[in-house]
Amino acid sequence: MIEFDHVSRTYGAKTAVADLTLAIPRGELFALLGPNGAGKTTTIRMLVGLLHPSRGAVRVCGHDLVRDPRAAHLHLGYVPDEPCLYDKLTGREFLWFIADMFGMPRRLAGERIDREVEHFELGEFADDLAESYSLGMKQRLVFAASLLHDPDVLVLDEPMVGLDPRSVRIVKDLLAARTREGMTVFMSTHTLAMAEEMADRVGIMVRGQLRFLGTVAELREQMALESTTLEQLYLEVTSPRGRLP
Amino acid sequence: MSAKPQAPAIVRLLSFEAESRLFMRLRATLAWETVRSMLTDARLRLSIVTLLSGLFWGALYGLFLEAFAFLDALHADVMSLLFNAFFSSLMVMLVFSTGILVYSGMYCSTEAKLLLTLPVRAETIFAHKFGEAIWFSSWGFVLLGSPMLAAHGMVRGSAWPYYALLLPFMVSFVLIPASLGGICCMTLVAWMPRLRLHAFSIAAALACAAALWIGWAMCRQTRIDTMSAAWFERTFARLSITEQKLFPSWWLSSGLLEAARTEADGSLSFEGLSEALKFLALLAAHALVLQSLAGWLARITYRHGYSQLAGEVPARRRRPLRWFDRMLGHAGFSAGRPLRLLLVKDLRLFRRDISQWSQFVIFFGLLGLYFANLRSFNYNNVYAAMIGHLNLAVVGLILSTFTTRFVYPMISLEGRRFWILGLLPVHRDQIVWSKFLFSFLGSVVPCCGLVLLSDSMLGLPWGLILRHELCALMLCLGLSGIAVGMGARMPDLRESSPSKISSGFGGTLSLVLSSLFIMAVVVAAALPSHVYLLASTPAALSWLGLSPGSSQAMAAWVGGHGGTIVSLGFVVLLGLAATFIPLELGLRAFRGLEA
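Order-wise, the sequence lines are chains Z and P.
Start counting the first sequence at 1; every next residue gets the next number (the numbering used here).
Start counting the second sequence at 1001; every next residue gets the next number (the numbering used here).
I should point out that these hints are in silico values taken from the structure, not numbers from a laboratory.
If a hint is listed, it holds; no wrong ones were tucked in.
With a straight-line cut-off of 27 Å between C-alpha atoms, the simulated DSSO-like cross-links for lysine-lysine are:
1) 138(Z) with 172(Z)
2) 14(Z) with 1113(P)
3) 1113(P) with 1500(P)
4) 172(Z) with 1113(P)
5) 138(Z) with 1500(P)
6) 88(Z) with 1500(P)
7) 1113(P) with 88(Z)
8) 138(Z) with 1113(P)
Stretch by stretch, here's where chain P covers chain Z in the computed footprint (C-beta under 8 Å, at least three residues):
9) 39-52
10) 67-76
11) 104-110
Source: prediction; values computed, not measured.
Ideal placement from N, C-alpha and C gives every residue a C-beta, glycine not left out.
Pulled out of the complex, with its shape left as it was, chain P reads as follows (with noise of 0.2 Å):
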């Protein structure tokens, strides 16, 4: 062989600090670019994320501050316990959510293909991406963590030393699990790529079923006495699984614990602070550990997994529920069967779509599972009724984001494919008219059985049931027809990407007027159970400047029949508005589109 041509004089190969340099440089540029972008094109998105988000922070902060004021007077031990079992939980929920993002990353995206074509070290590229799924993957910990913490903080009177300490804490911890998800993502991927999705299916049905177990034994047989001396001693004895002196989550919680510990006069305790160090100290050290690890596995495997993992061969697709799509395509007068085809496809895409269904089972499964428990515990009639009606509306919010999310998109990404309707025998009201099915009959049947779940769990009268079954209906029509018509008002024909469609102007000013419309509806319904309660409230009565009288006499006919019959004729008005009038300005505008 020839000897090896010298690299041309004007390239060279890069230090690892200077690739890391030139990683963060492309980071931070591309992250200005971002926000500049939202500042200029998505204010209102970006102004409502903000204040939900401002907002959310303070309702936790205050939540919090009320619950460990209460809870940290009834036990000693408590607030260890709580912290062992969130950060233990979160630390299992990162290494999962880590490694999905580190795989989606390093080797499915199209910049994990441009950049192994460059001179660059794979444990670079490695640590660019694992950086970006940190960042993914965490941001719900920062925000669900640091109101807890600060909360937390509060109630024990803690100095200024524990705040400071927040944050390397929260990092030094959350690199742990994240570290770990990335050196799982990359062992199986080079190392057991056949077996990898069988492997990480029993790992996260594992993790459930414990979950599961965990809720359930905590949950079982304390109807009676919840909160009580035995109450506490039992759920302490099993949680004490979180307790693990080996765990990084019990380094974490004890480090914050001795962080926030004062002397009997409230100073700062020295002895506290040297101790929370060391536990901070522990936590770094692994930390820096597991992601060298990480780094050095990337350098040996990345490479040799990506090319093995694109020589893997899809399996060939089986069409089980293809005798359902041939039944719904039949079905009913062949006046409609343009409709139901285009109904079918859409049912295929869903299916075959797996962040779509797998994100509605998620979600709707984990309120379904926190519904089932709603037995354990003990309630009166009105504080069922309440919990019922909030039951109401967070499944309204829940399907409101999938409207706002799946079916706002999907007129715009239809308008795309123009040049196929376009030549059909399709009415375009058609194509409108079938996306309102298809999200209706498909949330329907969910939202309908979880408002069920709920309230016969909750013990609510069955005619409570039906009034609540009503307004789901309601909710599913109106945020059917919102997400539908604001979608054939204003689509999106360029895009391609459907979370880039529903995070523009139309798709966040949908959710806005579907959280209206929840809103709306759940005052609607809950109000002439409220007004009784008002009414046979005496502090309440004389806030508002009434007599006992007037307001037995007013109670009697909200909380009665007519009051029930108003609100529901109101619930009744308000969906039919939601659904036909988004509907028929989108498919007015939708007939005259010009793609």
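Only chain Z is shown next, with the shape it has when bound in the complex (with noise of 0.2 Å):
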């Protein structure tokens, strides 16, 4: 579903990201991991589409993110860390407005609509202009907008900010039983705990080079840490001595 094929991305003469291949089958939830700087939102940005590596490819579906980039952006879901609406525009009718972007038929597009607003809890402020949001409400639209077209590929970038304890259980809730129906989840968080609990696999990036890609059941077993947390894992992967290679 997700292939990064020997993606390498410069800014001026710094690398952000170095080399990266790796293939997301699937119904896989992946979750990306490494410290600020690490070149997480730069590999999120080219998967998307916002960025274009400066070498190798990005596929989503099979399609090319640079050359075929609206025929990928039809099997993406996508969740920003800092959420993206039209203060002037209601809820529901930033919905309307990406179901239409998707060329969603109106009716189908009209049920969807109501099944996020149920799932999200948008109820309350759905015809209440996005100004008068605050940040959780905002991302929990974000979430319900990225959803609706049913998208193969979910994309998220430090998904649980500014979102509630509710909010997160209904989140991870969704999250698994989409994976279960097949979608593809793309995270990149912080939140390890998270990630220990959801992710199938997860992959550690240090300075623009993934450092280590498994489970975390694998990582374990690399690092010959038996009953370690992904905490104390995570912090030996990401130090300046790591032991990993």
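Put the complex together from the two separate chains, hints included.
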């Protein structure tokens, strides 16, 4: 579903992502971890087509994000770290705009909007202007918008920022259900507990390079640390004297 | 590689027309919601803006009517010259302003970030942002151009087709420089990312130099023979550069002049109308070609350019004025150090916010340019004094827009950082006083300097120059007091955008109070000389029902030392009241503020 094929991205002389090769199959929830400045956001921006790789190719469902971005975007849903909304649209109007953008039939779009409004408990404020929303409300609305068209791939950049515990639970349940139905989730996060709880595989990125790729159990095995938490493993991997190559 | 999965059955790519319709619907909804919010939340602001725009339009219409009637009788070709000069300079300005707006809309906005992750064509996003850029860059043209063109039609006694063709002419014309601006912007971003700033700076500098050269060439050596036949000939020759037949501005002015043509008996000239339609077709064809070219360029460059720009590494910031900040921070007694540190912080924020200081430099720079050219015209003493007073008012009005736009929101923005300031050993009064000092010290040098330049170029006597300087000082004090005091009295702690804070009720009220204060100061300062003038005009005396004897005695007192002292005393009182009353109200409110 998602392929990074020898992808590198440079900013001037600085290499943000170096020769990343990664394939994520259908129905997997993948969590990308790493310290600030490791290249996670650059990776995500290449995955959603905002940035072009300096070398290599990124593909979603076989569609190259540079050569055929529109076809790739039909399969994508994206929740950015900072929610982008139109202040002068109501939540419901925003959802209609997104549904229309994906060319969804009117009747089906109406049903999906009602479904997501209910899922994310937006009913109370769905008809207010977005300018009056709190950060958490905006984030819930963006989640709802990203799931309207049942994307094959959902990309999440720090998805839990601003969400209250109840909304976090809603999102977690929803992600678990959707991945069971075959949706692929690519998530960048600093919330290690969530990654440990939900991710099928994790990738740990340090200074633009993927230092580890596998399950948490495999990481424990490689580090020869049986009963440690992901947090301890993560700190070990990302430390300047990290034990992994 | 495995076969590409099909897109979910419930989604499909839209046609270009469907995407365009969707964006039109979006724009209509956003526009309607904006108007609705203004009608419910900002009625005062909307009423003032509508009223002032109406007054401005009416005043311009009257001015152009008088001017065209005068100039049309003076020289046959003067309209063509004026139109060509106006539209060609407008064309250059529209290229730059639309280019900048397209840049900020397409490459720097959060909306672009959202749209680029949706299955929408790059050219549709361009068309959407281009429409926005045209709206913002050309509303000034509509406000300035429509009274001018309507007055031209009235003076020429034109038939209805002239008025009906105005809108198509304006739209076709605006699209040409706007498309050029968009094309330049996308080309620079996509293919010359490292050079784009330099290229833009060089082009802007060349355009400014050309404008300065034309202005200087027009004004030099014209002291003696202004408005004479020789002056006209020389001015025509110098402005002939704007009459190039390959310029869209020439097509527009020629088309409008043809459309305004009438037969000898005042009836519609069909020959003129047919010529006008040819020019309109020429403009429309070029507008459509350039817009298509811009759309094509967006298709092949936009996503690539956006990515290129995001990969730019910001240059390491140099701090050449650090020594000044350090000196200001340590100058004076230790008791005032927190206030000085707040002042240094505001100064740094101002220096690093290009939108603030660039507007400051542009507006005061243009005013300085105008004042520096005042010597080129001949004035008698009375006329010079009147222009001096008007210039004082203009300086005050421009300063009031800055204090409302940039100083008024400062307290509200500081309120959002209360978690920092609230924990520091700084009294709240010091925060308010630091804003006042920042505004006053920042405005007093340019304002007093500009007034001095204007008065010395007008050749005013030193006595009058000193009076104007005192008025400028009071304007700086009062306008700073009003902006800071009102900002502290009515802070908006929820809003993070300074433009939205200043356009709210408090900001509008502050602007209105500032305008009234400026009018009161200028009228009080100008009154003695005007009463003196009235007393020496028999027609005015009879209209007022005064006898020459009594009026001369009154004029001697009002125009002499007595009247001057009273008027200056009133100006000082007004200035102190405008400074301290709003500040006191603001200080009281800010002390009790719960953030």
